[in-house]
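Peer 1: Kindly generate the complete structure, drawing on both the sequences and the hints.
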Amino acid sequence: MKKTFVTLLTILLPYAIFGGNLVMLNYSGQSALEKLFSSPNLEIHYYTDSEVFATTDAFDAQHMVLIDEKAFSQCDFYTLVYCPSEQQKYYLSEKNYNALYSAANYVIIRGGAVPYKNDGAVAIFNKSARLPRLTRNFPIVTEENPVIREMMNQVNTDSLEATVQFMQDYGNRMWNSDNAFACSDWIAGRMEAMGLEVEQQPFYANTWFGSGNAAPNVIGIQRGTKYPDTYVVCGSHFDSFSYYGSCPGADDNATGVASVLESARILTQYEFEYSIIYCAFGCEEMGLFGSEEYASRCQEQGMEILGYFNNDMNGYLYGDQIHIDCIYPNSVEPIGTYYMNIGSVYFPQLPIRHVSFSSGDSDHTSFNNNGYMGIYPFEDVDNYSPYIHTAEDLIGNSVNSFEMSKQYCQMNIGCLTEIANPVDEPHFSCNPVRNFNIETPYGKELSSLLLTWEAPEEGSSDTLTHFVIYRDSEAYSTVGKDVFMFVDSITVGAQAEYFVMAVYGDNCEASSDTLVGVGITAVAQMEDVQISIFPNPAKNLFTVVAPNLRQVAIFNMTGQLAGVFGTNDSAPYPINIEAYSPGIYTILLMTERGVFREKLVVE
0 MKKTFVTLLT ILLPYAIFGG NLVMLNYSGQ SALEKLFSSP NLEIHYYTDS EVFATTDAFD
60 AQHMVLIDEK AFSQCDFYTL VYCPSEQQKY YLSEKNYNAL YSAANYVIIR GGAVPYKNDG
120 AVAIFNKSAR LPRLTRNFPI VTEENPVIRE MMNQVNTDSL EATVQFMQDY GNRMWNSDNA
180 FACSDWIAGR MEAMGLEVEQ QPFYANTWFG SGNAAPNVIG IQRGTKYPDT YVVCGSHFDS
240 FSYYGSCPGA DDNATGVASV LESARILTQY EFEYSIIYCA FGCEEMGLFG SEEYASRCQE
300 QGMEILGYFN NDMNGYLYGD QIHIDCIYPN SVEPIGTYYM NIGSVYFPQL PIRHVSFSSG
360 DSDHTSFNNN GYMGIYPFED VDNYSPYIHT AEDLIGNSVN SFEMSKQYCQ MNIGCLTEIA
420 NPVDEPHFSC NPVRNFNIET PYGKELSSLL LTWEAPEEGS SDTLTHFVIY RDSEAYSTVG
480 KDVFMFVDSI TVGAQAEYFV MAVYGDNCEA SSDTLVGVGI TAVAQMEDVQ ISIFPNPAKN
540 LFTVVAPNLR QVAIFNMTGQ LAGVFGTNDS APYPINIEAY SPGIYTILLM TERGVFREKL
600 VVE
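Take the sequence shown: its letter number 589 is residue 588 in numbering that gives the first Met the number 0, and every next letter is one higher.
You may find that some hints are simply not true.
When the alpha-carbon atoms are kept at most 25 Å apart in a straight line, the in silico PhoX-like pairs for lysine-lysine are as follows [as the list claims (entries may be wrong)]:
| no. | residue 1 | residue 2 |
| --- | --- | --- |
| 1 | Lys598 | Lys538 |
| 2 | Lys88 | Lys126 |
| 3 | Lys126 | Lys34 |
| 4 | Lys69 | Lys126 |
Cβ pair distances, simulated, as ranges [claimed, not checked]:
| no. | residue 1 | residue 2 | range |
| --- | --- | --- | --- |
| 5 | Asn399 | Asn506 | 39 to 47 Å |
| 6 | His353 | Gln61 | 51 to 59 Å |
| 7 | Pro534 | Lys126 | 50 to 58 Å |
| 8 | Thr224 | Asn152 | 19 to 27 Å |
Hints in this document: simulated from the structure, not taken from any laboratory.
Yeah, the Cβ is synthetic: ideal placement off N, Cα and C, and Gly gets one too.
Peer 2: Okay, here's the thing in structure tokens:
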């Protein structure tokens with residue numbers, strides 16, 4: 000989702016100087032997380048469901064834990080190593096690492112660090128994290144789409160096993176090894192043979208195991224026919240890791256790559272309205288370096304990614320019943336609910352549960368940290384393969400159920416295609432508003448924001464019914480389909496995120512871009528502009544005087560548009576308000592000099 004800051008934001012924020020101390024703060028609940036992200040004294044770099052890691056010059060010992068002074072001055076990044084407290088002795092030893100902070104299930108290291116045996120290292124970079132934002136609602140699926148079921152039925156366990164076997168046979172796919180580079184080339188060749196637009200994205204990694212060029216990410220794009228620049232993404236990592244000896248990485252993570260390639264093999268036989276991206280990331284095991292490189296670039300380029308579906312370890316079946324543990328933070332609950340919805344319709348007998356995982360991480364976090372909604376379907380948080388990161392991560396003992404891998408792949412296909420929409424199937428589709436904009440009218444007192452937009456383009460699947468204005472991701476107000484403006488009061492110095500949702504008769508919804516509005520006191524340009532409204536208070540009639548007046552808009556106390564009056568004159572302009580209820584109204588005067596704001600009391 001693109002974020003555009005309104006005029007004067009750069010004037011208001013030069014005093015919010017980032018840097019200083021690296022700190023950890025605990026929080027509880029999504030609203031508390033939103034407040035931390037909106038704080039001008041914090042730059043958040045990474046977050047979990049209960050903690051944020053940020054830099055600040057305003058250290059508060061009562062609410063913050065100090066991790067490192069002069070953050071990032073001695074290193075390019077920190078590593079959060081997931082490791083139970085009883086196993087942290089190795090990391091806390093000064094001869095091994097300069098450990099800065101330890102908690103019950105992780106240690107913070109300055110610079111790179113070797114992952115703990117059974118998974119989990121995340122690099123915390125000197126860049127701002129972003130909260131995931133919902134750009135378009137995920138479809139609500141009530142019955143199977145026969146075309147999508149046909150796609151799911153084409154998943155072949157022999158095909159999955161062949162990919163895992165081929166990658167296992169490398170014996171070692173460490174992030175900077177020749178085999179890892181060869182594997183990247185092989186995956187790119189597979190994607191090119193499917194007709195995808197293929198890129199191998201190079202990147203540099205600075206790890207505990209040395210620094211240098213990593214085996215490049217592989218990105219394959221299947222362009223949509225209607226919305227080629229809006230994407231749904233699935234991905235996996237192809238590197239492997241072991242403390243000693245070979246690291247064949249059959250379950251971690253040849254099974255994930257197999258799911259992505261098998262999904263691409265099948266879906267490239269069809270056309271979709273939205274584009275699908277298939278990813279294979281390098282250097283995941285060292286701290287999610289590859290996926291961070293790609294997701295960060297997506298964010299910088301303003302790519303609209305509707306959702307990311309991670310594929311990492313799906314071949315080790317514990318017990319007799321195939322099941323899925325779906326890992327995601329509370330901040331991306333909509334995509335998690337969507338995944339459960341797909342499972343309930345296409346695989347109603349398949350147990351799927353939402354879990355929080357405090358012993359490891361994967362590439363979905365890179366997307367979440369860059370403002371995109373991503374989830375991680377996983378084999379079992381309590382009983383995943385005990386052979387990963389060893390020479391025994393092989394088909395047979397570590398990958399013991401390709402039937403389970405098949406169902407994970409089928410779920411991946413279902414999630415991608417219900418969003419991407421096969422072109423030969425009827426589907427609700429609707430257009431967003433155009434030219435959404437936020438202005439800050441000049442006023443004498445409290446700050447206000449004027450939200451304006453234009454009607455959506457024609458061609459939606461049903462008739463437009465109304466617009467919903469969202470403020471900080473929550474529905475804030477509703478206006479009719481013929482209303483194209485809204486006024487909101489905002490405290491001077493505060494800021495809020497807004498987007499406008501166009502709602503149609505078939506319940507299809509389309510969101511505008513998200514804009515950030517900032518509360519300012521804008522009186523400077525009023526000094527030489529003669530503007531007045533009288534009488535005030537008024538009862539049945541009031542008059543506006545303003546030079547080059549073009550339009551007068553009246554809003555009630557909830558920001559709803561009460562009336563619009565057009566003129567093209569500098570003469571006094573009378574307005575009849577006999578039908579208006581008593582109360583306080585906001586009057587916006589559109590002139591050639593700008594938009595000006597006044598208050599009117601109606602008796």
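Peer 1: Each hint: holds or not?
Peer 2: Verification of the supplied hints:
1. Lys598 with Lys538: Between Lys598 and Lys538 the Cα gap is close to 14 Å, so the pair holds against 25 Å.
2. Lys88 with Lys126: 30 Å, violated
3. Lys126 with Lys34: Status holds; Cα separation ~19 Å.
4. Lys69 with Lys126: Within the cut-off at roughly 15 Å; holds.
5. Asn399 with Asn506: 39 to 47 Å: For Asn399 and Asn506 the Cβ distance comes to about 43 Å; the hint holds.
6. His353 with Gln61: 51 to 59 Å: Given a distance of about 33 Å, which is not inside 51 to 59 Å, the answer is violated.
7. Pro534 with Lys126: 50 to 58 Å: 55 Å, holds
8. Thr224 with Asn152: 19 to 27 Å: Given range 19 to 27 Å: holds, Cβ gap about 24 Å.
The structure is inconsistent with the numbered hints 2 and 6, although it conforms to all the rest.
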